[in-house]
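Novice: Residue-level listing of the chains:
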Amino acid sequence: MENGFAAQITGVLAALILLTAFALLVQRRIYGLLHIFAWQGLFLSISAAVVGYSTGLRHLYISSALTLALKVFALPYILYVLIHRLKIQKEVEEVVNIPTTMLIGIALVIFSYHLTSPVRELSTLMTRSTLAVALATVMLGLLMMITRRNAVTQIIGFLSLENGLFFAATSATYGMPLVVELGVALDILIAAFIFGIFFFQIRTTFDSLDIKEMEKLKEED
Amino acid sequence: MTIQILLGVNIIGAAVLAFLGDRRLAPEVNILCSAATFISSVFLATGVYVNGPMLSGGGFFFVDSFNVYLAVLTAFVSMTTAIFSRRYMRYERRHGRIGRAGMRFYHAMFQLFIFAMLLALLTNNVGVLWIAMELATLSTVLLVSLYRTPSAVEAAWKYFILCGVGIAQALFGTVLLYFAAERVVGEGTGALLWTNLNAVAGRLEPTVLSLAFVFFMVGYGTKVGLVPLHNWLPDAHSEGPTPISAVLSGLLLNVALYALVRCKVLVDGATGSHKAGYIMMVFGLVSIIVPAFSLLRQKDIKRLFAYSSIEHMGIATFAFGLGGPVATFGALLHMLVHSLTKSAIFFTAGHASQMHSTQDMSDIKGLIRGNPLVGWGLMFGVMAIAGMPPFGVFTSEFLILTAAMKDAPFLTPFFLLGVVVAFAALFRKVMPMVFGAVPGNQRPLRPSHIPVIVHMVLVLILGLYLPLFLSQWFHMAVDLLQ
Amino acid sequence: MTGQFYPAIIEGVQVATVLLAAPLLVGWVRALKCWSQGRSTAGLFQPYRDILRLFSKDIVLAENASWVFRAAPYVVFGATLMAGAIIPVISVKAPLAATADVIALVALFAIARFFTALAGMDAGTAFGGMGSSREMMVASLAEPALLMSVFTVSLVTRSTSITEMVRVLSTGPFVLRPSLAFAFLSFAIIAMAETGRVPVDNPSTHLELTMIHEAMILEYSGRHLALMEWAGMMKLFLFSSLAIALFFPWGIAGMGGWLAGTAGLAGLPAAFFFLALKLALAGVAIVFVETGLAKMRIFRVPEFLGTAFILATLGMLSYFMLE
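Residue numbers (our numbering), protein chains in the order written: chain R, 1 to 221; chain H, 1001 to 1482; chain Z, 2001 to 2323.
Hint data in this document are derived by calculation from the structure and do not stem from the laboratory. Every residue gets a Cβ at the ideal spot worked out from N, C-alpha and C, and that includes glycine. It is possible that part of the hints are untrue.
Here chain H is said to cover these stretches of chain R; the calculated rule only asks that three of the stretch's residues, wherever they fall, bring their Cβ under 8 angstroms from a Cβ of chain H [stated by the list, open to error]:
| id | region |
| --- | --- |
| 1 | 47-55 |
| 2 | 137-146 |
DEER-style ranges, computed between Cβ atoms [as the list claims (entries may be wrong)]:
| id | chain 1 | residue 1 | chain 2 | residue 2 | range |
| --- | --- | --- | --- | --- | --- |
| 3 | H | Leu1464 | R | Phe200 | 38 to 44 angstroms |
| 4 | H | Ala1199 | R | Phe73 | 39 to 45 angstroms |
| 5 | R | Tyr80 | H | Gln1482 | 24 to 30 angstroms |
| 6 | H | Lys1299 | R | Ile9 | 57 to 63 angstroms |
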């Protein structure tokens, strides 16, 4: 019963993560994106802790704490400071209109459900069904990167994609070995610094963080 | 112990160089570190050659004939590139294309990049392999934007985003792999070690591994630069400093392909079929044909050779996909000779564009008259890369072709089409640059001759005669990959 | 002996409840709104007085109004009342409930809406036509979402019969179901749109450019208007009770749960008590939303309803993926 209840909570958290992934697609304001991203990180962190508690795997607590520190506080804060300092405009333009994006998103969710169905059938783990949600989050992050034309939103899409991966790691497999998780966290941190530097570079060379400006390099020349 | 020294040298080197910055001796220290790496890699290789595959560092590192040969190659090319970059980067510094901070950053990141690649090659852990690949991307991203021109920043951003997304797919593949392995091997680090995985390959769940391979293919395939995931590659190669183009093309692509091949062997072992091989053949073949035609449209000298790199990676991927002893042997040899030739070409191309202060091929002319080493170096390099005998690339491509004739005869026309078109395109583009009178905009330059000569001589030797130890070595690697 | 009449009695009680309590709910919402804005209220029973007054007034018909205009109020009122007979408001034992499932229920609401829109256009005034076209736009987006949302509940309960759905939901063991949460969110958004509440429409506005529902019934007067208004109040009541039945069914009589276990008339007082309690809370929720949100511009409405559709779809997907 204990495990059954934990599975339900994980299910609800999975649903919330999926919801936030969609919310990221819909949100127009850049600070709104940051808030949603932080919420997603929070759900992720809680789900890692819940899985850790119900399975008795201690190292998941470390993952959970790491997520909390990195994705709920550090990264949104860094992005907030960057946005503030670079005076980026608050509304985000999108290439594809929002209802279409959402429909594509739905299609992607169905696709990932279909893709992971063989895995779910063999899995005996408590949280097996969340694998589809994890893959869907990855796909939705990808979609966000494609449909948004601003460096900051692309990065948020990228980080949300990374959240999906992390969710896959905790939910499908009770967490990767700690070495790997620490390494991944370190990579993300470095990536965060690099995109911070990038924002400044792009800003100084293009006077805007709009990716539309960056279409000079083409196949031919 | 050798491995720890091998990797330690780079890390310490990166730290020292970050401290040294723009001081006079920095390039020499860079060379020294790379040379030390090379020497220790040779020691490691002889150890493996004599004693066979070995584990080290409590099972954390694993060396067999496949990865150790790539490690030696990586250390060697990084050493020659360090030698090349001494003169090249000083020229850039003098002409104000980069500043003090840029030089400090360049040297430190160069060593870190080499470290990341060696770690990716030598680690026994699939997860650490992923981390090292990501680290290799991250350490070179800001090097690509080193010149801070709009197109350089654009190229670096593309590189960062596309490779980041690509490599994320590989992480998903790793998660799936762990998911399958954990049920057989048990929880913990053990379930991610190549040695354990290969031992139980037959018992891993085939459906999960097939799914995982798709993600590995997309993930590491992006880093290999396979079509249609190749968009970042020409940009990053053309906009970054030339030594970085040389190591990206000559080494990083190899390392990514190494990761892919390891996954392929594992997955085909688990599924008991040749599914992963077929996927690689398709990707490889597309990557041979598409860039061959793109070559015809290029205007930028470094972009030209970047597309050629995609084509050659396609050839190697195709050959690994084919499987079978001959094709695998050919692919291993191809990785070696391509790496040597392509970095030599980038060295000369870098000098050529320095001489004309442009990368636009229509402005580069009369290289042989202007500077015989650069001119002939480029000429021979292109002859070699296009697959003319007696160079090594000819040998490897010929091996792959014969294997393809035997195993997949209906695919050989496509393979040949790609190779022939690339051949024609390369010569059409390079002839006008090499021959002809010296134009007015050309400046004399002291090129860095040793790396070019050494690479070209090695490629020539490999084409004429394959040393016994090397062929034995490849045979050992081929046995591993069957 | 009298037991065989229980179902008929229950049905009668339920229809009467819908008829008589609907204005009270509206009055409650208005009163709450007044309190929240610090205004003095017209009292809980003002809607009854409005309806009574309208019944006593004469009808003014437009010259070129056809029979549709005259028939529409009766059709709308009838369809809505019929819907009231099949939703388990106080008990699941209502006999008419067996005749129609949730799809028929949506269709009944659609009939009411269709005739309202026809009547709006029939009089031939500009505002009526505009209101109708807007209403149809909202409907075309809200109805698929409404169906998706109730189908999610159907999936969970494996039935489209409302009484069966309520029975399964209230008797099974307690399970956290993300799909139902999504479906409820979606349903709440659609209910706001369908009943013409604030983010989509404003029930108390007579500002020509923004109104939807009010624009359609602008030409009505006398008992026609009374019927239309009354039907509108019942619609709010019914959507609230439907939400309660599907998502918070505890306490509805006759399904053998621990709260209102008795099947017969004895269970009714408890059911009334819970219904009143839950509707009162629903009113509070409505007022919260309405004071918190501003009416959105009409071209943002499709996006708002699109969100409802996505939520309902997510609910359905998460049923497959997570449960």
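Novice: Evaluate each hint against the coordinates.
Specialist: Right, here's what the structure says about each hint:
| no. | hint | in the structure |
| --- | --- | --- |
| 1 | 47-55 | violated (count 0) |
| 2 | 137-146 | holds (count 3) |
| 3 | Leu1464(H) with Phe200(R): 38 to 44 angstroms | violated, 52 angstroms |
| 4 | Ala1199(H) with Phe73(R): 39 to 45 angstroms | holds, 42 angstroms |
| 5 | Tyr80(R) with Gln1482(H): 24 to 30 angstroms | violated, 54 angstroms |
| 6 | Lys1299(H) with Ile9(R): 57 to 63 angstroms | holds, 59 angstroms |
Consistency with the previously given hints fails for numbers 1, 3 and 5, ordered from lowest to highest.
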